[in-house]
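Using the sequences provided together with the hints, build the complete structure.
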Amino acid sequence: MISIVIADDHKLFAQGLANILAEDPEFQIKAVFNDGRSMVDYLCNQDADIAIVDLNMPNFDGKSTLLKLKEHHITSKKIVVSMYAEESLLKECAEIGIDAYLLKDTEPQVLKNTIKDVYHNKHVFCVEKVNLMDAINLFKDDFINKYKLSKRELEVIHFVVEGLTNAKIGDKLFLSTYTIDTHRKNISQKLGISNTAELVKIAMEQGIN
Numbered sequence: 023m024i025s026i027v028i029a030d031d032h033k034l035f036a037q038g039l040a041n042i043l044a045e046d047p048e049f050q051i052k053a054v055f056n057d058g059r060s061m062v063d064y065l066c067n068q069d070a071d072i073a074i075v076d077l078n079m080p081n082f083d084g085k086s087t088l089l090k091l092k093e094h095h096i097t098s099k100k101i102v103v104s105m106y107a108e109e110s111l112l113k114e115c116a117e118i119g120i121d122a123y124l125l126k127d128t129e130p131q132v133l134k135n136t137i138k139d140v141y142h143n144k145h146v147f148c149v150e151k152v153n154l155m156d157a158i159n160l161f162k163d164d165f166i167n168k169y170k171l172s173k174r175e176l177e178v179i180h181f182v183v184e185g186l187t188n189a190k191i192g193d194k195l196f197l198s199t200y201t202i203d204t205h206r207k208n209i210s211q212k213l214g215i216s217n218t219a220e221l222v223k224i225a226m227e228q229g230i231n
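Residues 23 to 231, numbered by my numbering, are exactly what the sequence shown covers, in order.
Everything hinted at is true.
Here are the computed distance ranges between Cβ atoms for each label pair: (1) 207 / 23: 21 to 29 Å; (2) 226 / 67: 55 to 63 Å; (3) 37 / 97: 22 to 30 Å.
Cross-link-like lysine-lysine pairs, in silico, DSBU-like; alpha carbons within 30 Å at most: (4) 138 / 190; (5) 194 / 134; (6) 170 / 212; (7) 52 / 138; (8) 134 / 207; (9) 134 / 113; (10) 85 / 33; (11) 207 / 138; (12) 144 / 85; (13) 33 / 144; (14) 90 / 52; (15) 170 / 134; (16) 92 / 134; (17) 194 / 144; (18) 113 / 194; (19) 126 / 92.
Bear in mind the hints are in silico, worked out from the structure with no lab data behind them.
Built from N, CA and C at the ideal position, the CB exists for glycine as well.
Pasting the structure below:
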């Protein structure tokens with residue numbers, strides 16, 4: 023079982039995240055904190071496999087929390103879940119020593135997969151790219167709304183049309199191949215298709231290229 027602690031100053035988000043993760047029998051939520059200092063104090067005395075950290079918090083913000091965990095040689099693997107889609111922040115956190123960086127609009131299953139990837143010593147770094155967002159802005163709203171596609175799913179479709187493999191898409195989006203495969207399966211279910219050729223055909227019809 024993978025033990026998890028969470029630090030986020032938004033109590034509703036923190037508890038909601040804990041509840042979502044607790045649905046997975048592979049996860050054990052050991053503690054939820056609303057500031058960084060409390061997490062640091064806890065992990066100095068208790069073990070946890072995964073520490074999920076927000077960047078905006080009182081009593082040690084996210085980066086200060088990560089630095090303190092490093093200073094105290096805390097062995098928990100660290101995942102930042104942030105609302106900031108900035109590569110500069112990702113790089114700063116990576117330099118401190120994190121194992122994953124995700125955005126708060128990440129789908130629950132993607133977060134669950136990421137936690138499992140990180141637990142098995144994989145790194146997952148995800149931040150929106152300006153050029154990809156520009157491309158997404160060209161996608162038709164009616165297509166997006168009809169199939170309830172997420173921004174991440176649209177990015178994956180964009181790269182599938184370009185002919186990239188799941189591994190290459192993962193490299194582009196700083197995600198694992200397993201996570202990209204999950205996105206591909208979700209996309210296929212939403213669109214009611216069974217193969218890549220059908221996906222490319224629909225995407226081209228909608229101007230996603």
